[in-house]
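Chains as they are written, first to last, in my numbering: chain A, 1 to 114; chain B, 1 to 155; chain C, 1 to 95; chain D, 1 to 525.
No lab work stands behind these hints, which were simulated from the structure alone.
Just so we're clear, the structure is a prediction, and the values are computed from it rather than from any experiment.
Please note: incorrect hints may appear among the correct ones.
What the hints assert, rightly or not - Subject to a maximum C-alpha distance of 35 Å in a straight line, what follows is the list of computed DSBU-like cross-link-like pairs (lysine-lysine):
hint	chain 1	residue 1	chain 2	residue 2
1	D	Lys121	C	Lys3
2	C	Lys2	A	Lys29
3	C	Lys3	D	Lys312
4	D	Lys454	C	Lys85
5	D	Lys398	D	Lys454
6	D	Lys121	D	Lys312
7	C	Lys2	A	Lys24
8	D	Lys472	D	Lys121
9	A	Lys24	C	Lys3
10	C	Lys2	D	Lys121
11	C	Lys31	A	Lys100
12	D	Lys312	D	Lys389
13	A	Lys99	C	Lys31
14	D	Lys389	D	Lys464
15	B	Lys64	A	Lys24
16	A	Lys24	A	Lys100
17	D	Lys472	D	Lys454
18	C	Lys85	B	Lys64
19	D	Lys121	A	Lys100
20	D	Lys454	D	Lys464
21	C	Lys2	A	Lys100
22	A	Lys100	C	Lys3
23	D	Lys398	D	Lys312
24	A	Lys100	A	Lys29
25	D	Lys454	D	Lys312
26	D	Lys472	D	Lys389
27	D	Lys398	A	Lys100
28	D	Lys389	A	Lys29
29	D	Lys398	A	Lys99
30	A	Lys100	D	Lys312
31	C	Lys85	A	Lys99
32	A	Lys29	C	Lys85
33	D	Lys312	C	Lys2
34	C	Lys31	A	Lys24
35	B	Lys64	A	Lys29
36	A	Lys99	A	Lys29
37	D	Lys312	A	Lys24
38	A	Lys99	D	Lys464
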Amino acid sequence: MLWNLPFITVVVLTFIGLVTVLMKRNLIKILLGINILESAVNLFLVSLGYRAGGVAPIFTLAPSDLMVLPTPQALTLTSIVIGVATSALVLSFAMVLHKKYGTVDINEIRRLQG
Amino acid sequence: MSRIVRTAADIIYPFIVIFGLYVVAHGHLTPGGGFQGGAVIATGGALVIVAYSYEEVRDWLSGKVLMGQEVIGLVGFIGVALLAFAFGQVFFFNYLNASGSLFGTPVPYGINAGDLNTGGFVPLMNFAVGCEVWGGLTLVILYMLSAFSTEKEVS
Amino acid sequence: MKKTVVVIASLLILSAFLGVVAMTLTFGAPKMTDMDDYFLRYGQEQTGTNNQCTSVTFDFRGFDTLGESTVLFCAVIGVALIFRKMQAGEDHEDE
Amino acid sequence: MTFADFIVINAPALLVAIPLFAAFICPAVGRISTTARNVWVMGAMLLTAAVAFILAFTVFTSGTVIYVFGASAANLAVPLDSGGIPIRIIFTIDPMSAFMDIICAIAGVSVLMYSLSSESKNTSLEGYYALFLLMITGVFGMVSTGDIFNFFVFLEILSLASAGIIAYRIDGGLAVEAALKYFILSTLGAILILFAIGIYYGQYNALNIAMIAQRMQFTLLDRIALVFLVAALAMKCGAVPMHFWTPDAYSMAPASVTAFLVVASQAALYGLFRVVFTLYNVTLNCLVVGWIIIILGILSMVVGVTMAIPQKDIKRLMAYHAVSQTGYMLLGVGVGLAVLGNAALTSAFGFTAMEGGIFHIFNHAMYKGLLFLTAGAIIYRIGTRDLNKMGGLGHNMKYTMIFFIIGALAIAGIPPLNGFASKLMIYESVYLFNPILAIIAMVVSILTLASFVKVFHSVFMGPKLPEYAEVKEAPLPMLIGMGILAAIVILFGLFPQPVVDMLVAPAAHALADQGGYIASVLGGA
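One chain only, chain A, in its complex shape (with noise of 0.2 Å):
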């Protein structure tokens, strides 16, 4: 019996990512950050689709019938490459404001005002 154990995961994924999203300056630490927001749900979504005593949703000489749902298991994946990708571009994008600002620092990388 896990009991809402993953759930409760969840919220606490979720308050370190936000702390880590609003209290820090630096931009890596940022993303670090919304990384840790997107490991959030996506345990989130994998918890959704667990049933008690099932197995993985194969059927190759699989150990059970009982299975867990599969639709979470993709919603995740896409969720994962979508993250990934959003990584790279704002990884990119701190690199390119490194070499132009020589700062990552979010309170100096602030030309923009209005």
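Please arrange chains B, C and D on chain A, whose structure you already have, making use of the hints.
This is chains B, C and D only, laid out in the frame that chain A set:
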């Protein structure tokens, strides 16, 4: 990196590629699929880039080829889906399933040992996506490295 | 100071919301499973794949996967664009 | 099956497949030659626009069109053996979606035509056009889809493509900074949307919007999901508490992209309306949610216009006006939502308010796009965006000046241009709901007019400045792009009534009619 690391990378690289291709090819039977396999192969590329330097790797891994790989993968994916129109079916209809031709062995309900020749167009799409992810992720690494070296661009 | 208040408020609100979600849903016993039961029951016959995750990803929800590959393509093109070699005078501060 | 039948049946799939395919091939075509690439991109866009018009015509003449990806027949939403549940991704194009498709098609064609010459000086254009086509795909997908996870995927395509293209002109890092701000906020919004999707899925085991709407019980969890979705989508459309990405992104992107970003933020607005009206409808406490949307709208209107007046950067000024105009749409539709449960009030002024708000979406996309394009043309020719350095351009750029006048008068709501037609509907109906709101809306309009008179004066009037003596008129493709939008602004301003009857009223009724939406997907009711 040292000579030991380079030699080890040389030896491991083909195995990583083959393992990735295995994951792609068995996507419809075992855990895995196009994305996972493509990512595995791109890891091999990253290993080689780490073991050697960007300047050396740039001569072997051409940006043009990788971009071509990515475009071919994507066009293959959407092309396989569009081909359903040629069979008079709806976009993304699995026209190869249970057709008796390539990948067309019917699969009944229930636990079985698995047959590679099943899956309809799913294996084709797995290959297309694997190709795309392989090219795409390696290309991202190459472009990011190109920002550090100033003389020559990824073409 | 104002920023700290906003930050703490948004943190508390979001955590409280998700806490309610975590307490309301039950892990291991989904409320309704009819759509996924359909996938598990008919997925093998309709798509010919043993791996039902793949059958959902590439057949039942194949269009999402096309979108997902497109997102990766967007990222690659975006990275390629910002690291491109620019002509003289193209990277201007003004305009 | 003839070719015409094929196009009509498969129009929803082609609407997304054509620009996607064109975007994938674009990097390869770009290697052949510049002309080949321009022809390829423009051809793909025209083809997509044609498909969009065919689809819209089908929807407005014979009702909602659904398209099931991968089913054995295009309209087989519910498989016979499934026990009445939709299992595949379904495109549901009701009149509201078709209306948004038309906006996207018109804006896409004119903006792409414009960018053929406005961007011709830059490098790596094949990547630029690929991202542009992907943005267009994202908008088409968002407004056409009937599946909430698919909506999220297209939203992400739109975010990534927009972020890449906003950063396209590095501008010494400024454009990258704007793109970064936009993109981090979009990602946070996307995470909230994904949480909401998870909540729906966990409760109802469905991802189709119609199916969720049918099973909706409005539990505490659904309220939380509503808060997440409204917060994320209000941020994406640039309503006021979360508007700070708008001026940066709008002012740093290339002009043609800015004109399309307006359409993109309206696709997010469409998502907001779809969530509120189709997912929840009368199960909500309509008055409370309606007032929340109205207050968001009023705040956007007032804050947008007051921030716009002191701006010195021409595109930044227009961006704040875009925030302000978004407020009108939220106001109109919010009033419609607030009285939704009450049949007497709805028929008295609720529908007029919604029609006004929805008509304003169309008009805003047209005149705001036009204004951004004229600003882009001015910047293209003189190379500065500072209003204080401009002056006397009316002598050399006559057509641009005329287009600017048309756009400025339309945004200020001066008859007989289209901005007046929709604003009048909003004023009339909102006055019946609450007179103070209508008065605020009118005051904001007057301030908008004052602001644009100032811009007009400082850009076009005055003597010829010596440094701009050699300035020429904008190139022909740019003028054609602006001309298309200007023609529509005038046409819809002169004949608003047929447009309202044919396009806007069906869209408003389709949006309010939750039962009809569910029935068109699931059959029966």
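Holds or violated: Lys64 of chain B to Lys29 of chain A, with C-alpha atoms at most 35 Å apart: holds (33 Å)
Hint consistency between Lys3 of chain C and Lys312 of chain D [alpha-carbon to alpha-carbon, up to 35 Å]: Status holds; Cα separation ~28 Å.
35 Å Cα cutoff - pair Lys121 of chain D, Lys100 of chain A: holds (22 Å)
Satisfaction of hint between Lys389 of chain D and Lys312 of chain D, Cα-Cα up to 35 Å: holds (10 Å)
Restraint check for Lys398 of chain D with Lys454 of chain D, where alpha carbons must lie at most 35 Å apart: holds (18 Å)
Given hint Lys29 of chain A paired with Lys100 of chain A - CA-CA distance at most 35 Å: Holds, at about 19 Å.
Satisfaction of hint between Lys24 of chain A and Lys64 of chain B, Cα-Cα up to 35 Å: With a Cα-Cα distance of about 39 Å, the restraint between Lys64 of chain B and Lys24 of chain A is violated, given a limit of 35 Å.
Restraint status (C-alpha distance of Lys312 of chain D to Lys2 of chain C at most 35 Å): holds (28 Å)
Pairwise hint evaluation, Lys100 of chain A against Lys24 of chain A, where the allowed Cα distance is 35 Å at most: Given that 35 Å is the threshold and the Cα spacing comes to 21 Å, the pair holds.
Pair hint outcome, Lys31 of chain C versus Lys24 of chain A [Cα-Cα no greater than 35 Å]: Measuring from Cα to Cα gives roughly 39 Å; hence the hint is violated.
Agreement of Lys398 of chain D and Lys99 of chain A with the hint, judged by alpha carbon distance not exceeding 35 Å: Outside the cut-off at roughly 42 Å; violated.
Hint consistency between Lys31 of chain C and Lys100 of chain A [alpha-carbon to alpha-carbon, up to 35 Å]: This hinted pair is violated, its Cα atoms lying about 53 Å apart.
When held up to the earlier numbered hints, the structure conflicts with 1, 4, 10, 11, 13, 15, 27, 28, 29, 34 and 38 and fits the remainder.
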